[in-house]
Amino acid sequence: MIYILEDAINGVLMGSIYGLTALGLTLIFGVLKVINFAHGSLLMVGMYAAYWAIILTGVHPYVALIIVAPVMYLFGYYLQDIVIKPIFKAEKDVREPITVIIVTTGVWYILDNLTLLIFGPTYRNIQDNPLKGKMLEIGEMFISVPKLWGFVTAVVTAAAVYWFLQKTRMGRAIRATSLDREAASLMGINQFKVYNVAFGIGTATAGIAAVTLVPFYNIFPSVGVLFDIKGFIIVVLGGLGSIGGAILGGIIIGLIESIAPQFMTATWTEAIVYGLFLVVLFVKPSGLFGVKYDW
Amino acid sequence: MKTNFKFWGKLIAIFAIITFLAVLPQSPSVWATDNVVKVGNIIPLSGPSASVGQQGKNAREMAVEEINAAGGIKSLGGAKLEMVYADSESKPEKGVAEAERFINTEKVNVLTGCWNSAVSYPTSAVAERYGIPFIVPVSVADKITEQGFKNVFRIAAKDSWWTRDQFAFLKDMEKEFNTKVEKLAFVYENGDWGKGFAGQWKALAEKGGYKVVLDEPYPSTSTDLSPVVQKIKRARPDVLMLVSNAADAILLTNTLAEYKVKLKAIIASGGGHADPSFLKAAGKNGQYLFDIVEWETDVNKPGAKEANAKYNAKYGSNLTGEAVDAYLAMYVLKDALERAGSLDPAKIRQALATTNLTGGPGMIVGYDAVEFDETGQNKHAALVMVQINDLGKGLERITVWPKSARRGGYKPIFPMPKK
Chain Y
1 MIYILEDAIN GVLMGSIYGL TALGLTLIFG VLKVINFAHG SLLMVGMYAA YWAIILTGVH
61 PYVALIIVAP VMYLFGYYLQ DIVIKPIFKA EKDVREPITV IIVTTGVWYI LDNLTLLIFG
121 PTYRNIQDNP LKGKMLEIGE MFISVPKLWG FVTAVVTAAA VYWFLQKTRM GRAIRATSLD
181 REAASLMGIN QFKVYNVAFG IGTATAGIAA VTLVPFYNIF PSVGVLFDIK GFIIVVLGGL
241 GSIGGAILGG IIIGLIESIA PQFMTATWTE AIVYGLFLVV LFVKPSGLFG VKYDW
Chain E
1001 MKTNFKFWGK LIAIFAIITF LAVLPQSPSV WATDNVVKVG NIIPLSGPSA SVGQQGKNAR
1061 EMAVEEINAA GGIKSLGGAK LEMVYADSES KPEKGVAEAE RFINTEKVNV LTGCWNSAVS
1121 YPTSAVAERY GIPFIVPVSV ADKITEQGFK NVFRIAAKDS WWTRDQFAFL KDMEKEFNTK
1181 VEKLAFVYEN GDWGKGFAGQ WKALAEKGGY KVVLDEPYPS TSTDLSPVVQ KIKRARPDVL
1241 MLVSNAADAI LLTNTLAEYK VKLKAIIASG GGHADPSFLK AAGKNGQYLF DIVEWETDVN
1301 KPGAKEANAK YNAKYGSNLT GEAVDAYLAM YVLKDALERA GSLDPAKIRQ ALATTNLTGG
1361 PGMIVGYDAV EFDETGQNKH AALVMVQIND LGKGLERITV WPKSARRGGY KPIFPMPKK
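Protein chains in written order, with the working numbering: chain Y, 1 to 295; chain E, 1001 to 1419.
Hints are computed from structural coordinates only; laboratory data are not their basis.
Keep in mind that a hint or two might mislead.
[What the hints assert, rightly or not] Have a look at the derived ranges for each label pair, beta carbon to beta carbon: (1) E:K1305 x Y:H60: 26 to 32 angstroms; (2) Y:G139 x E:E1306: 54 to 60 angstroms; (3) Y:G139 x E:L1391: 55 to 61 angstroms; (4) Y:G139 x E:D1368: 38 to 44 angstroms.
[As the list claims (entries may be wrong)] Think about it this way: if two alpha-carbon atoms lie no more than 20 angstroms apart in a straight line, the pair counts; the simulated DMTMM-like pairs of lysine to aspartate or glutamate are: (5) E:K1233 x Y:E91; (6) E:K1260 x Y:E182; (7) E:K1262 x Y:E137; (8) E:K1418 x Y:E270; (9) Y:K132 x E:E1258; (10) E:K1233 x Y:D81; (11) Y:K134 x E:E1146.
[What the hints assert, rightly or not] Which residues of chain E face chain Y? A few of them, derived with a C-beta cut under 10 angstroms, are: (12) S1049; (13) V1052; (14) Q1054; (15) A1069; (16) Y1218; (17) P1227; (18) A1247; (19) A1257; (20) E1258; (21) Y1259; (22) L1263.
Please read these numbers as outputs of a predicted model, since none were measured by experiment.
Where a beta carbon is used, it is the ideal one built from N, C-alpha and C, also for glycine.
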């Protein structure tokens, strides 16, 4: 029994971090109606940014958030402004611009290979950080401290993004644009500015997720791909565009990955996750926590 | 009609150029003296395995230079070894075609190659058909020497010997340190490689009287391995055996340390654990881990250090297992040629089959002799076990097994001390 509890806690903690990695994906989709294939690469860029910020300054990993989140925001903002916006403008009459998806795929390849070129294929991690390998030992039970920090960060970040979207003027503009971009434009909202901000926020959350990962995870050029696939499943499971859905979807995946291996071999958990993914698509295509209508 | 002539004229000219170009690279052999032994080497010099192929070429060149400088093959009146190379591009059909060309056009006396098992396998059939001795320094697939061929001679250990040596090592450690190991856990990536190893482990564990308490494949793309580590911890094995790629090797090692899993030893299977970034990224969590390799720069064999230094000065990198096998292959060939005293392929074959090489500059491998069994496999080929430990100069890989190759003055740490 204590084993199940221990596994469930690990599943919730790790799952919330998965959710956090997928948060930006769901946000960007909700607003731009574009699946951002470069999201994993943005996470990877965030991990390298966090890695160097921590290595060069020697600060506590979470202090790096002060540097990484704004840098990633600007990176996303200008990535959208310079690379993606022109494509959007060229396709402005199309509701779901396919070419933009292809552009994000290009960005993914360019970022991954550029990183490979600059930093090489080496696997890095931060050896001397105060969180590395820390465990909370409650009797027989082990709880990973860096994952606990990640869990708190994920919940706080999701709540903050939610609050921002609900309560601020910019947030309302983002929601208006995501509901109907034509009508929002008619109301005087600068559609492309909103896109830039949404992409910036999405990228910043990837940066935050990266900071939660670096204390205990490896950093290498293709690390984004591992989280990318998981991110897509989480986002569809939770409902595309739903902030809470992303975190909950992540936790579901985390729980399956953590508990199921105790009853079968670990390779089967992937099959269960994909199976669940298909079932959800079949029964409730809008996702578990998504809204039925889709604008 | 006129234009037609022009067309044919051009065509003939093109053909003439092509033929000339095709003949050109072979022409030096026409001028070569008769007193040479021609060795055809088919190795991957471009394509995915190019870097390994280049290492093999470098090592061969170094050995042949030494042999020729020392007076060549004395029983053949000081004949020199002449190397010809062909690029297999790691493609089986290229290997076969080049072997045909070497034998028919170049008239080579001996063939060597091809590193990629997929290339060596069909190429061995060509050598067998023409009765030309084919020395395979390293190609691990078991089947290469299991075709009943008479002309194939493999120097390196075959695939199934990796797992064999892991268990032989474990038994030797138990004896040396008087520690009983009963329960084993197998954790491996769920690809061909991991599953292949695990299948052989199971049979070996049964034969060795061990109890397998966990047999767990995991996806190499896992982002969280703590569930697998939990299973290891709860199964309470004495020894954990791993097959991992790089990212998961690091993640597993760190997670095992985090969950304070108590083990007597961890035995890895190269791959990710041998990745240069492993030592750095796993840090002291990787300490005391055992890993299996073909060769390590510190093997305690006469000449090994010097050969490595010479190679490094010449080519700018350390010798690898592949390079050492290729280096040794040239000395095995020299030894056989000395005894054959003839360029007749059948005589060379006979001499190779009766090889019993125990010394000389080529014997810098971890094992003690080269002697081929009736299938052409070197009976004595074995792998080397290393332990990761810190002797005051940071973590390094230290050769511990076989005992004759152990680094001087080093005593392995077994069982693993509690951290």
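Tested hints:
| no. | hint | in the structure |
| --- | --- | --- |
| 1 | E:K1305 x Y:H60: 26 to 32 angstroms | violated (45 angstroms) |
| 2 | Y:G139 x E:E1306: 54 to 60 angstroms | holds (58 angstroms) |
| 3 | Y:G139 x E:L1391: 55 to 61 angstroms | violated (38 angstroms) |
| 4 | Y:G139 x E:D1368: 38 to 44 angstroms | violated (53 angstroms) |
| 5 | E:K1233 x Y:E91 | violated (56 angstroms) |
| 6 | E:K1260 x Y:E182 | violated (58 angstroms) |
| 7 | E:K1262 x Y:E137 | holds (16 angstroms) |
| 8 | E:K1418 x Y:E270 | violated (34 angstroms) |
| 9 | Y:K132 x E:E1258 | holds (9 angstroms) |
| 10 | E:K1233 x Y:D81 | violated (50 angstroms) |
| 11 | Y:K134 x E:E1146 | violated (52 angstroms) |
| 12 | S1049 | violated (17 angstroms) |
| 13 | V1052 | violated (17 angstroms) |
| 14 | Q1054 | violated (19 angstroms) |
| 15 | A1069 | violated (38 angstroms) |
| 16 | Y1218 | holds (4 angstroms) |
| 17 | P1227 | holds (4 angstroms) |
| 18 | A1247 | holds (5 angstroms) |
| 19 | A1257 | holds (6 angstroms) |
| 20 | E1258 | holds (5 angstroms) |
| 21 | Y1259 | holds (6 angstroms) |
| 22 | L1263 | violated (16 angstroms) |
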